[in-house]
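Asker: Whole structure, please, built from the sequences with the hints as guidance.
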Amino acid sequence: MNKLTATERLSLIRHKNRPTVNDYIPAIFNNFLELHGDRYYGDDHAVLGGIATLNSVPVTILAQVKGRNIEENKRTNFSMPHPEGYRKALRLAKEAEKFHRPVICFVDTPGAFCGVEAEKRGQGEAIARNLMEFMTLRTPVITVILGEGGSGGALALAVGDELAMLENALYSVISPRGFASILWKDPGREKEACELMKITAEDLMDFGICDRIISEAMGGAQNDMTLTASNIGEYLSEAVARFSKTNIDIMLENRYNRFRKIGMFEE
Amino acid sequence: MLEDLFKVVKARFNDDNSAEKADKSGEDVNIPHDLLFKCPRCGTVAYMEDFEKNRKVCAFCNYHARLTWQERLQLTADADTFKEFDANMISKNPIDFPDYEKKIREMQQKCDTKEAVVTGECEIHGYKCVIGIMDSNFLMASMGSVVGEKITRAFEYATKNKLPVILFTASGGARMQEGTVSLMQMAKTSGAIARHNQAGQLYITVLTDPTTGGVNASFASLGDIIIAEPKVLVGFAGRRVIQDTIKQQLPDDFQTAEFMLENGFADMIVERTMMRRTLARIMKLHNYEREKE
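Residue numbers (the numbering used here), protein chains in the order written: chain A, 1 to 267; chain B, 1 to 293.
Check each hint, because a few of them may be wrong.
[Unchecked claim] Label-pair ranges, simulated between beta-carbon atoms:
{"no.": "1", "chain 1": "B", "residue 1": "Arg-277", "chain 2": "A", "residue 2": "Arg-242", "range": "52 to 58 Å"}
{"no.": "2", "chain 1": "A", "residue 1": "Lys-191", "chain 2": "B", "residue 2": "Gln-108", "range": "52 to 58 Å"}
{"no.": "3", "chain 1": "A", "residue 1": "Leu-4", "chain 2": "B", "residue 2": "Leu-261", "range": "44 to 50 Å"}
{"no.": "4", "chain 1": "A", "residue 1": "His-36", "chain 2": "B", "residue 2": "Arg-290", "range": "47 to 53 Å"}
{"no.": "5", "chain 1": "A", "residue 1": "His-36", "chain 2": "B", "residue 2": "Arg-153", "range": "37 to 43 Å"}
{"no.": "6", "chain 1": "A", "residue 1": "Ile-248", "chain 2": "B", "residue 2": "Lys-160", "range": "20 to 26 Å"}
{"no.": "7", "chain 1": "A", "residue 1": "Arg-212", "chain 2": "B", "residue 2": "Gly-264", "range": "37 to 43 Å"}
{"no.": "8", "chain 1": "B", "residue 1": "Arg-153", "chain 2": "A", "residue 2": "Tyr-41", "range": "33 to 39 Å"}
Just so you know, the hints here were simulated from the structure itself, not pulled from any lab data.
We put the CB at the ideal spot given by N, CA and C, even for glycine.
Answerer: Listed below in structure tokens is the structure:
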């Protein structure tokens, strides 16, 4: 495990050459069939959905999509989903449940989009609905955080049976800059906030929020996408096999308790 | 993006005594706050005594101002029926945020409660229910471990005892001082609601001023029936960040109760004077029975 600071990892996951889910999918899965739309409003390109095979086993993939260049980023809204993105994810998750197909979520977002249209179409409701529905979805749900796990917009694809993080990924309630800006009224203290917030994969293992850390290539995933993809693939194959053998009611009880136990209080 | 969002929500929260519109009317320095109420929505100034007699509703624009948990409870529950749950639960400091414990202690003194939500069991017009009241005076009723745990337990209790849940929501969102642990409370509470839902029990949300951020994006949006008080602020993201993104003025009713109703995210807007009977009526229509008179 590396000893990079949280701040160093923050710059790594924002590195322009950091692989995105569009790099990983062809490297890990076969036969990817993309499916579109939420059936209510439209198709959000910030969330990619579809079915593929992992070692010949069909799985549903739901992923937040960072662009690799400005064109792609315009198309995917810098990976900031609108409500219809979350609703597309839920629709496809329900489809997966119907056919007892495991769901694999890839999280990589600065957060859900903040805008007039997003508010009008119920950004809060869309996220809330996913949290509730994924909690009782009767098929395995495994989430991998590839880079940025930004707040409720990330959580909406991270309620499942297990959460893995790439070794440099971060998962936080607000960006370090936002944290500094609000709590200290000084966005310039971003680095200090980043170190204080306990948002690295190791920190989150300690809290019981993250279950697995997936190694990246030396110096970061951008240095060897194929190796990083192979590590992700290896983890997913093992996890899918393991959860597919688990009794569904036991799995749902464990899923509930994964979140139920998180909180630090005394009485 | 998000940072601005929180900033804006926070700025708006602090607007209570300095609303821009009100400032246009000119000389409003030295308003004695204990004697006069100045409406943060329309700027109208009223005698505090009249405002309080009017259940803290602006007589001019009908804005339903924030209540303390004690005021809300008194206006909502039948007398002497409230039994509090988990009154002594207090937060730890998950990320060792400097002075967090101190801040919490100050809030406890100020609000006469250990945390930002008070939960318990009560009767409303004789209908027994589990009730949760969030108090925006307590760190803007942000959701940390205790708020998450108390709401989760309230739903678990209601599921076990086949009771409806009524939550009066108010919040600036997740409590940043508790880091990612606070984010997880969104999933935890939503999970407890899922089980209450599967058990066929009723959940009524009452959106009060302000219901935003991570609370808007979790339990506040999951009621079977969603009621809002008139003119309250409800939304996911902050107004100013949205304004900065689109570079144009937003309409005045953006992210209000009325906006939520218009866009299909609330069932009804209910005046404070009608709240008790509306809640009782809804419970009755869902086949809950009154305790004996």
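Asker: How does the Cβ-Cβ distance of A:Ile-248 and B:Lys-160 compare with 20 to 26 Å: does it lie in that range?
Answerer: The hint (20 to 26 Å, Cβ to Cβ) holds, given that A:Ile-248 and B:Lys-160 are roughly 23 Å apart.
Asker: Does the Cβ pair A:His-36, B:Arg-153 satisfy 37 to 43 Å?
Answerer: 41 Å Cβ-Cβ, so the 37 to 43 Å window holds.
Asker: Does the hinted range 52 to 58 Å hold for A:Lys-191 and B:Gln-108 at CB?
Answerer: 32 Å, violated
Asker: Mind checking the hinted window 47 to 53 Å against the Cβ distance between A:His-36 and B:Arg-290?
Answerer: 50 Å Cβ-Cβ, so the 47 to 53 Å window holds.
Asker: Holds or violated: 37 to 43 Å for the Cβ distance of A:Arg-212 and B:Gly-264?
Answerer: 40 Å, holds
Asker: Could you see if the CB distance from B:Arg-153 to A:Tyr-41 stays within 33 to 39 Å?
Answerer: With Cβ atoms ~36 Å apart, the hint holds.
Asker: Could one say that the CB atoms of B:Arg-277 and A:Arg-242 fall in the range 52 to 58 Å?
Answerer: Holds - the Cβ-Cβ distance for B:Arg-277 and A:Arg-242, about 53 Å, lies within 52 to 58 Å.
Asker: Indicate whether the distance between the beta carbons of A:Leu-4 and B:Leu-261 respects the range 44 to 50 Å.
Answerer: Hint holds: Cβ distance 49 Å, inside 44 to 50 Å.
Checked against the numbered hints given earlier, the structure breaks only hint 2 and satisfies all the rest.
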